[in-house]
Amino acid sequence: MNSFDEFLAMGGYGFYVWTSYGIAFVVLLLNVVLPMMQRKQFLRELALKQKRAK
Amino acid sequence: MSTVILQTISLYMSIIPAPIVRFYHNTASPPYFYNLSNKLLPWLTVIFLLLLGYGLYGGLYLAPTDYQQGDSYRIIYVHVPAAWMSLFIYVIMAIAGAIALIWRMKIANVVLISSAPIGASFTFIALVTGSLWGKPMWGTWWVWDARLTSELILLFLYLGIISLYGAIEDKRTASKAVAILALVGVVNIPIIHYSVQWWNTLHQGPTVTKMDKPSIHLDMLVPLLVMATAFKLYYAIAMLQVAKIEILKREKNTQWVKQLVETADE
Amino acid sequence: MSLIAAFFAVIRRDLTLAFRRRAEIANPIFFFILVVTLFPLGVGANPKLLQAIAPGIIWVSALLAVMLSLDSLFRSDFDDGSLEQMLLSSHPLTVLVFAKIIAHWLVTGLPLLIVAPLLAVFLGLPEQALGTLLITLVLATPVLSLIGSIGVSLTIGLRGGGMILSLLVLPLYVPVLIFASNAVEMAGNGLAVDAQINILIAIFFTSVVLAPLPAAAAIKMSVD
Numbered sequence: 001m002n003s004f005d006e007f008l009a010m011g012g013y014g015f016y017v018w019t020s021y022g023i024a025f026v027v028l029l030l031n032v033v034l035p036m037m038q039r040k041q042f043l044r045e046l047a048l049k050q051k052r053a054k
Numbered sequence: 001m002s003t004v005i006l007q008t009i010s011l012y013m014s015i016i017p018a019p020i021v022r023f024y025h026n027t028a029s030p031p032y033f034y035n036l037s038n039k040l041l042p043w044l045t046v047i048f049l050l051l052l053g054y055g056l057y058g059g060l061y062l063a064p065t066d067y068q069q070g071d072s073y074r075i076i077y078v079h080v081p082a083a084w085m086s087l088f089i090y091v092i093m094a095i096a097g098a099i100a101l102i103w104r105m106k107i108a109n110v111v112l113i114s115s116a117p118i119g120a121s122f123t124f125i126a127l128v129t130g131s132l133w134g135k136p137m138w139g140t141w142w143v144w145d146a147r148l149t150s151e152l153i154l155l156f157l158y159l160g161i162i163s164l165y166g167a168i169e170d171k172r173t174a175s176k177a178v179a180i181l182a183l184v185g186v187v188n189i190p191i192i193h194y195s196v197q198w199w200n201t202l203h204q205g206p207t208v209t210k211m212d213k214p215s216i217h218l219d220m221l222v223p224l225l226v227m228a229t230a231f232k233l234y235y236a237i238a239m240l241q242v243a244k245i246e247i248l249k250r251e252k253n254t255q256w257v258k259q260l261v262e263t264a265d266e
Numbered sequence: 001m002s003l004i005a006a007f008f009a010v011i012r013r014d015l016t017l018a019f020r021r022r023a024e025i026a027n028p029i030f031f032f033i034l035v036v037t038l039f040p041l042g043v044g045a046n047p048k049l050l051q052a053i054a055p056g057i058i059w060v061s062a063l064l065a066v067m068l069s070l071d072s073l074f075r076s077d078f079d080d081g082s083l084e085q086m087l088l089s090s091h092p093l094t095v096l097v098f099a100k101i102i103a104h105w106l107v108t109g110l111p112l113l114i115v116a117p118l119l120a121v122f123l124g125l126p127e128q129a130l131g132t133l134l135i136t137l138v139l140a141t142p143v144l145s146l147i148g149s150i151g152v153s154l155t156i157g158l159r160g161g162g163m164i165l166s167l168l169v170l171p172l173y174v175p176v177l178i179f180a181s182n183a184v185e186m187a188g189n190g191l192a193v194d195a196q197i198n199i200l201i202a203i204f205f206t207s208v209v210l211a212p213l214p215a216a217a218a219i220k221m222s223v224d
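Residue numbers (this note's numbering), protein chains in the order written: chain A, 1 to 54; chain B, 1 to 266; chain C, 1 to 224.
Keep in mind that the hints were calculated from the coordinates and are not lab data. Possibly wrong hints are sitting among the right ones.
List of simulated lysine-lysine pairs, DSBU-like, C-alpha gap at most 35 Å [claimed, not checked]: (1) A:Lys54 to B:Lys252; (2) B:Lys39 to B:Lys135; (3) A:Lys40 to B:Lys135; (4) B:Lys252 to C:Lys48; (5) B:Lys232 to B:Lys258; (6) A:Lys54 to B:Lys135; (7) A:Lys51 to B:Lys106; (8) B:Lys135 to B:Lys232; (9) A:Lys54 to B:Lys249; (10) B:Lys258 to A:Lys40; (11) B:Lys171 to B:Lys106; (12) A:Lys54 to B:Lys39; (13) A:Lys40 to B:Lys249; (14) B:Lys171 to A:Lys54; (15) C:Lys220 to B:Lys106; (16) B:Lys258 to A:Lys54; (17) B:Lys39 to B:Lys252; (18) B:Lys258 to B:Lys135; (19) B:Lys39 to B:Lys258; (20) A:Lys49 to B:Lys106; (21) B:Lys39 to B:Lys232; (22) B:Lys135 to A:Lys49; (23) B:Lys232 to B:Lys171.
Put together the whole structure using the sequences plus the hints.
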């Protein structure tokens with residue numbers, strides 16, 4: 001493959017290839033990011049509760 | 001009868017060396033597991049990113065264009081590893097379920113329920129990327145081929161486990177329920193696969209999957225194996241992330257969690 | 001009371017209770033007939049088309065009828081505490097659960113067999129397939145009750161019970177559906193169905209032996 005344009009085009013199948021990789025990327029990213037966000041939120045809430053209980 | 005089984009298993013386990021046994025017992029403790037996860041995650045992430053980078057570079061750039069399928073075959077580098085993971089994770093869940101039911105290990109329950117959304121995601125990815133590969137290649141978004149149909153049913157099995165866990169309020173009961181369900185489902189996976197294969201060959205499907213027994217070029221094979229390994233590491237990373245929040249939720253009233261909150265784990 | 005005596009006592013009890021509400025026994029039958037009737041209305045009454053898809057229609061409808069009737073398997077015993085009594089009794093719960101499933105099938109699965117020939121006529125199923133249809137129903141509807149009992153016992157006492165039950169149980173039903181409807185279809189074309197029937201027999205015995213175990217385990221867990 002010679003140019004970046006050719007890379008993007010994927011021999012005419014660009015839409016299918018990049019959508020596949022794109023969906024995979026988004027789904028896998030969410031599976032890591034969402035739990036991390038939930039954990040931070042959970043710890044924040046627990047910290048508040050503990051402060052109030054003191 | 002179950003005591004005989006347990007005694008046999010214990011006998012075989014007695015030949016496992018002591019440090020491994022100790023490690024196994026230690027990981028059963030939620031705080032140990034939580035801290036171990038924190039230590040492992042950076043390493044796992046680095047190795048994962050390296051493997052992912054090389055896999056993508058190899059698959060999207062280095063590997064030669066297929067003379068029959070052109071460049072669309074490159075979808076294989078996410079499609080096949082995702083499909084492999086969808087099966088692998090379900091088996092892990094079943095093993096975790098067995099450990100949870102037999103030895104009542106809380107962490108096994110955590111591993112089971114943490115793996116479920118990841119397994120479902122991989123199944124989803126396998127199905128969607130498969131459709132996107134099938135459309136330009138074989139002209140159709142979907143076909144009731146044995147593998148596609150079995151994979152779809154696997155997705156329903158995952159969703160069933162996730163739904164059941166969410167629907168039962170007492171999470172200890174919920175954990176037991178999904179452990180039972182995971183075990184029943186795993187017994188069914190080969191049955192589903194073979195019955196659908198039977199069903200499909202009887203109807204003489206019109207498509208012949210070229211990638212069935214590929215005499216695959218090494219340049220094409222290596223990125224595939226690299227991606228498969230990368231995905232396994234990803235599974236460990238994602239599962240541990242979910243497991244951490246699961247453990248915190250279950251142990252929120254314990255001393256170690258209270259201390260953790262105070263030292264502001266961010 | 002010996003285990004055998006308890007086993008038959010449970011069956012007798014469940015049958016007696018079922019016959020007190022005789023009208024309810026007809027419900028799965030009516031459902032079966034109704035759903036089958038919907039198909040000609042939905043896909044058009046072309047006889048060739050109906051004949052071609054008749055095995056699938058009859059089998060899907062039978063499957064749905066069994067699935068909808070599953071709730072009654074443990075519901076009333078769960079509500080009035082009898083299930084807890086069975087759990088506490090000295091008899092293995094697995095055996096008692098098996099007895100309940102037998103009684104349940106006699107009341108909900110067996111009647112479907114009586115109606116099946118009528119439906120075969122409705123859809124123009126070839127006469128030579130009728131015998132196979134009945135054999136598959138006899139073999140596979142108990143399997144549906146057995147596998148279904150696992151799903152019900154996992155979801156007793158849940159609010160959204162019915163929908164989740166379907167989600168849990170339908171993937172497990174797929175192999176049975178495939179082999180059973182395929183057998184009927186092959187029989188309709190005059191082909192041999194030995195292999196499919198043998199597999200259904202194997203699935204039958206496997207379910208009889210294996211299914212009551214997780215069902216009993218799940219009941220223990222739900223009732224506690």
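Tested hints:
{"no.": "1", "hint": "A:Lys54 to B:Lys252", "in the structure": "16 Å, holds"}
{"no.": "2", "hint": "B:Lys39 to B:Lys135", "in the structure": "44 Å, violated"}
{"no.": "3", "hint": "A:Lys40 to B:Lys135", "in the structure": "41 Å, violated"}
{"no.": "4", "hint": "B:Lys252 to C:Lys48", "in the structure": "64 Å, violated"}
{"no.": "5", "hint": "B:Lys232 to B:Lys258", "in the structure": "33 Å, holds"}
{"no.": "6", "hint": "A:Lys54 to B:Lys135", "in the structure": "62 Å, violated"}
{"no.": "7", "hint": "A:Lys51 to B:Lys106", "in the structure": "29 Å, holds"}
{"no.": "8", "hint": "B:Lys135 to B:Lys232", "in the structure": "28 Å, holds"}
{"no.": "9", "hint": "A:Lys54 to B:Lys249", "in the structure": "21 Å, holds"}
{"no.": "10", "hint": "B:Lys258 to A:Lys40", "in the structure": "14 Å, holds"}
{"no.": "11", "hint": "B:Lys171 to B:Lys106", "in the structure": "11 Å, holds"}
{"no.": "12", "hint": "A:Lys54 to B:Lys39", "in the structure": "31 Å, holds"}
{"no.": "13", "hint": "A:Lys40 to B:Lys249", "in the structure": "12 Å, holds"}
{"no.": "14", "hint": "B:Lys171 to A:Lys54", "in the structure": "28 Å, holds"}
{"no.": "15", "hint": "C:Lys220 to B:Lys106", "in the structure": "19 Å, holds"}
{"no.": "16", "hint": "B:Lys258 to A:Lys54", "in the structure": "12 Å, holds"}
{"no.": "17", "hint": "B:Lys39 to B:Lys252", "in the structure": "21 Å, holds"}
{"no.": "18", "hint": "B:Lys258 to B:Lys135", "in the structure": "53 Å, violated"}
{"no.": "19", "hint": "B:Lys39 to B:Lys258", "in the structure": "20 Å, holds"}
{"no.": "20", "hint": "A:Lys49 to B:Lys106", "in the structure": "25 Å, holds"}
{"no.": "21", "hint": "B:Lys39 to B:Lys232", "in the structure": "18 Å, holds"}
{"no.": "22", "hint": "B:Lys135 to A:Lys49", "in the structure": "53 Å, violated"}
{"no.": "23", "hint": "B:Lys232 to B:Lys171", "in the structure": "28 Å, holds"}
Checked against the numbered hints above, the structure breaks hints 2, 3, 4, 6, 18 and 22 and satisfies the rest.
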